[in-house]
Amino acid sequence: MGHTEMLLAVAGLDSAKIAERCEKLAGEDWSEFPPAERAAYLFAHKQAKTPWDIGAADVQKLIDQFGRERALDVIWWSCRCHYMTRVADGFQLPLERENVFQAPKPPAEAAEEPKKEESK
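In the numbering used here, the protein residues as written are 6 to 125.
Simulated from the structure, these hints should not be mistaken for laboratory data.
Ideal Cβ positions, reconstructed from N, Cα and C, are used throughout, including at glycine.
Misleading hints may appear alongside valid ones.
As the list claims (entries may be wrong) - Below, computed lysine to aspartate or glutamate pairings styled on DMTMM-like, alpha-carbon distance capped at 25 angstroms:
1) K29 / D19
2) K66 / E103
3) K51 / E33
4) K66 / D34
5) K29 / D78
6) K54 / E42
7) K22 / E103
8) K54 / D19
9) K29 / D94
10) K110 / D34
11) K110 / D94
12) K66 / D78
To be verified - Quick list of the computed label-pair ranges, beta carbon to beta carbon:
13) L47 / P112: 42 to 50 angstroms
14) D78 / V105: 15 to 23 angstroms
15) F38 / T90: 28 to 36 angstroms
16) P112 / D63: 12 to 20 angstroms
17) P112 / D78: 28 to 36 angstroms
18) K110 / C27: 22 to 30 angstroms
19) W81 / P109: 24 to 32 angstroms
20) L12 / S36: 34 to 42 angstroms
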């Protein structure tokens with residue numbers, strides 16, 4: 006399970022929905038997604054494939070869909086994720102086996118109640 010799948014699981018999607026979403030994202034037809042999501046996906050895809058072609062028009066499309074502050078969030082997260090992928094690939098770091106984005110499970114409760122000391 007990659008980080009995308011891990012984050013979708015944390016968002017509440019079950020394994021079938023995660024597989025369906027990832028298949029759609031890996032394809033070329035994103036018409037089922039809302040316009041704002043499509044704008045973010047197109048930006049991230051362009052940034053991954055041809056970052057030197059990112060220009061003011063690309064940023065403006067994000068601003069039109071998200072507003073200035075949220076557009077900055079999309080740009081920042083896209084940059085961070087691409088950077089982390091390149092670092093991990095460069096150092097050949099394996100993905101974690103557990104979902105690192107999931108909240109940790111609480112410690113297991115003791116199987117039996119602690120024995121009370123008898124007063125003498």
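*Checking against the hints above, which ones are violated?*
Checked against the structure, the hints that fail are numbers 2, 8, 10, 11, 15, 16, 20, while the rest are satisfied.
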